[in-house]
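Chain residues, written in single-letter form:
Protein chains: 2
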Amino acid sequence: MNSKPRPSEDEIIANFFAPLAGRAGLGLRDDAALLDVPADCELVVSTDVLTSGVHFFADDPPELIARKALRANLSDLAAKAAEPRGFLLGLALPGDWTEEWLAAFTKGLAEDVACFDCPLIGGDTVRSLGALSLSITIFGAVPKGKMVPRPGIEDGDLLYVTGTIGDAALGLRLRRALASDRVWAETLSQPARDYLLMRHFLPLPRLALRDALRGFARAAMDVSDGLLGDLDKMLALSGMNAEIALADIPLSKATRQALACDASLIEPILTGGDDYEVICAVAPGDAAAFEREAGTLPVTRIGIAKTGADKPRIRDGEGRPLAVSAGSYRHF
Amino acid sequence: MNSKPRPSEDEIIANFFAPLAGRAGLGLRDDAALLDVPADCELVVSTDVLTSGVHFFADDPPELIARKALRANLSDLAAKAAEPRGFLLGLALPGDWTEEWLAAFTKGLAEDVACFDCPLIGGDTVRSLGALSLSITIFGAVPKGKMVPRPGIEDGDLLYVTGTIGDAALGLRLRRALASDRVWAETLSQPARDYLLMRHFLPLPRLALRDALRGFARAAMDVSDGLLGDLDKMLALSGMNAEIALADIPLSKATRQALACDASLIEPILTGGDDYEVICAVAPGDAAAFEREAGTLPVTRIGIAKTGADKPRIRDGEGRPLAVSAGSYRHF
Chain X
250 MNSKPRPSED EIIANFFAPL AGRAGLGLRD DAALLDVPAD CELVVSTDVL TSGVHFFADD
310 PPELIARKAL RANLSDLAAK AAEPRGFLLG LALPGDWTEE WLAAFTKGLA EDVACFDCPL
370 IGGDTVRSLG ALSLSITIFG AVPKGKMVPR PGIEDGDLLY VTGTIGDAAL GLRLRRALAS
430 DRVWAETLSQ PARDYLLMRH FLPLPRLALR DALRGFARAA MDVSDGLLGD LDKMLALSGM
490 NAEIALADIP LSKATRQALA CDASLIEPIL TGGDDYEVIC AVAPGDAAAF EREAGTLPVT
550 RIGIAKTGAD KPRIRDGEGR PLAVSAGSYR HF
Chain P
250 MNSKPRPSED EIIANFFAPL AGRAGLGLRD DAALLDVPAD CELVVSTDVL TSGVHFFADD
310 PPELIARKAL RANLSDLAAK AAEPRGFLLG LALPGDWTEE WLAAFTKGLA EDVACFDCPL
370 IGGDTVRSLG ALSLSITIFG AVPKGKMVPR PGIEDGDLLY VTGTIGDAAL GLRLRRALAS
430 DRVWAETLSQ PARDYLLMRH FLPLPRLALR DALRGFARAA MDVSDGLLGD LDKMLALSGM
490 NAEIALADIP LSKATRQALA CDASLIEPIL TGGDDYEVIC AVAPGDAAAF EREAGTLPVT
550 RIGIAKTGAD KPRIRDGEGR PLAVSAGSYR HF
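First to last, the sequence lines map onto chains X and P. Going by our numbering, the first residue of the first sequence is number 250, and it counts up by one from there. Going by our numbering, the first residue of the second sequence is number 250, and it counts up by one from there.
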């Protein structure tokens, strides 16, 4: 009856995406974008694919789906000490997409494009016979030779993590509202619940760690699939392991409250993923300078790297190794 | 019973994708890749998303799905006169994927990685609750200021197209094997049918046009959504139109045979898409040099650009404008 024709891909680009385009995007009128990399810089590139039902729920607010997708990619740049330069957006829209959905999605994206000064420089919008999926490819610049690698940790290096761990995993639990989580969920105050939900929906890419990483980190990665698994992955590349005291892992007040009510939450906290914090290794002699350079961004020393092929171990207050079954959350 | 556990994302990377990685891919052990762009070059970037049932059939040979996806992206670089430097692969695998499928997909990809000297430098592999989708982001280098834009056509410029038009659209018809196509399909020889199918499955990115484009083209784009629609899109950006004689549009022998049997095929030939040829505009004074520089790569002059806002028109042998309903194939 009152159905109007769906906008074409060209109309979607002109009406929704062109306002987000930077100069490199050539007004999004070409299939290609042109990236001018400063002569003394290298380009860091990262890509993430997110699919409905796996990485987000179909009925999540579109603004937040957009912002989380971009922030997850910004977090990859943050861990490499790179400065955002722009991104490409690939969008596969299911048959029942609406202009309202896309307008909200674009509005969320626009907020973070402005917030992180990271323009849209190109993309592709196609039809999906299945669910919504989106892919973001992000570009960052780093002075030549200054990208912080993932391997390269040496025996005795101190391991640091930014922010707090486990909030997003508990936020996801609150989002799913399973009966099994009702007890601890109901002991939390509304602000504590909101905080955890916010940490699930809106990661904080730690771009502010850039100078501290460039100056003093030997290796770094972002924690996206759970602290324990990602730590293992990073240490193994250098033939290292580590012993970590549970008490040293930074937890937010809300997460500590939840854990006090239900001790089994330690597993999702350590392995649940979506933290988007940065872990890095710093030589002991550089620790003071690293902490100083991190400034107001909270960084916490959680352990020391040791040569060895076995997995990093976490010990509780009595010195007993913690048994955690799943190493990391598998999006796959 | 004899089901073995599915490989994890890390195992997929190590077993399937790492052998395709170039130096910039850091062994695919990091979430990020490092692109070192030569100091006198700019980076051209393009991305395509392909979804099962829309851009390919779920039961297409995996080798060919992989190769076509990469070649479609290489074609974007070809139209910008850029040299391939590497690509990122985003893969969302449905629940029923098999290692055999992925091995074949990777084998096809490996062939074209070698053939076009375009290494895999990173990516992301995730689970899809819906159908298979893949996204490729490709990187090419072009000397500073030498990227051929899409706008910029001037009144009187000659319009050229590489290769032949319509083969892939007819190949798709053969692939679908609809009853309505039986008559013309059966008049074709087996080699002619194979040729059209091959043109559907394996585009030929026209990277060899690079020097001719850099030297003499004012504007260019690749024909991926149908000659007529893409020509219209390119000309409109410069406020131009064109008159084109049907007889001047280069058709392969197989396509001419099919058209002789069924005149209505002119519509898919001109609007069907997936040609992956390059259209470009050349100033009349540069035409001879452009053709010389194109060398053995066939380029055909199909018309002259004229100032004007109406759509480009194609005239048949009697000078009558051809009525074609759909301007271009919409993947969306």
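Heads up, a few of these hints could be off.
It does not matter which identical chain is meant; a pair holds if it fits inside one copy or across any two.
EDC-like mimics (lysine to aspartate or glutamate), calculated; alpha carbons at most 20 Å apart, straight line [stated by the list, open to error]:
no.: 1; residue 1: 482; residue 2: 258
no.: 2; residue 1: 393; residue 2: 349
no.: 3; residue 1: 395; residue 2: 285
no.: 4; residue 1: 502; residue 2: 542
no.: 5; residue 1: 395; residue 2: 460
no.: 6; residue 1: 393; residue 2: 285
no.: 7; residue 1: 502; residue 2: 309
no.: 8; residue 1: 560; residue 2: 258
no.: 9; residue 1: 482; residue 2: 259
no.: 10; residue 1: 393; residue 2: 289
no.: 11; residue 1: 560; residue 2: 260
no.: 12; residue 1: 395; residue 2: 435
no.: 13; residue 1: 502; residue 2: 404
no.: 14; residue 1: 482; residue 2: 260
no.: 15; residue 1: 555; residue 2: 460
no.: 16; residue 1: 560; residue 2: 259
no.: 17; residue 1: 393; residue 2: 258
Quick caveat, the hints were computed from the structure, so don't treat them as lab data.
Do the hints match the structure? See the list:
For the identical chains of this complex, residue 482 and residue 258 are inter-copy neighbours only, at 12 Å across copies versus 40 Å inside a copy, given an alpha-carbon limit of 20 Å. With identical chains, the CA atoms of residue 393 and residue 349 are never at most 20 Å apart, being 43 Å at best within one copy and 41 Å at best between copies. For the homomeric pair residue 395 and residue 285, the shortest alpha-carbon distances inside one copy (19 Å) and between copies (12 Å) are both at most 20 Å. Taking CA atoms no more than 20 Å apart as the test, residue 502 paired with residue 542 passes in neither setting, with 25 Å inside one copy and 69 Å between copies.
When the C-alpha separation of residue 395 and residue 460 is checked against a cutoff of 20 Å, the pair qualifies only within one copy, where the shortest distance is 10 Å, while the shortest distance between copies is 35 Å. In this assembly of identical chains, the alpha carbons of residue 393 and residue 285 lie at most 20 Å apart whether taken from the same copy (15 Å) or from different copies (9 Å). Taking identical chains as interchangeable, the C-alpha atoms of residue 502 and residue 309 are never at most 20 Å apart, the minima being 26 Å within one chain and 53 Å between chains. Taking CA atoms no more than 20 Å apart as the test, residue 560 paired with residue 258 passes between copies only; the shortest distance there is 19 Å, against 49 Å inside one copy.
For a Cα distance limit of 20 Å, the shortest separation of residue 482 from residue 259 across copies, 10 Å, qualifies, whereas the shortest one inside one copy, 42 Å, does not. Taking the shortest Cα distances, residue 393 and residue 289 sit within 20 Å of each other both inside one copy (6 Å) and across copies (15 Å). Within a single copy, residue 560 and residue 260 get their C-alpha atoms only as close as 52 Å, which misses the 20 Å cut-off; across copies the closest is 17 Å, which meets it. Taking the closest pair of Cα atoms, residue 395 and residue 435 never come within 20 Å of each other, the shortest separation being 47 Å inside a single copy and 62 Å across copies.
Taking CA atoms no more than 20 Å apart as the test, residue 502 paired with residue 404 passes in neither setting, with 33 Å inside one copy and 68 Å between copies. For the homomeric pair residue 482 and residue 260, the shortest alpha-carbon distance between copies (12 Å) is at most 20 Å, but the shortest distance inside one copy (44 Å) is not. For the identical chains of this complex, residue 555 and residue 460 are neighbours neither inside a copy (26 Å) nor across copies (54 Å), given an alpha-carbon limit of 20 Å. Proximity of residue 560 and residue 259 under a CA criterion of 20 Å is satisfied inter-copy only: 16 Å between copies versus 51 Å inside one chain copy.
Taking the shortest alpha-carbon separations for residue 393 and residue 258, neither the intra-copy value of 38 Å nor the inter-copy value of 30 Å comes in at or below 20 Å.
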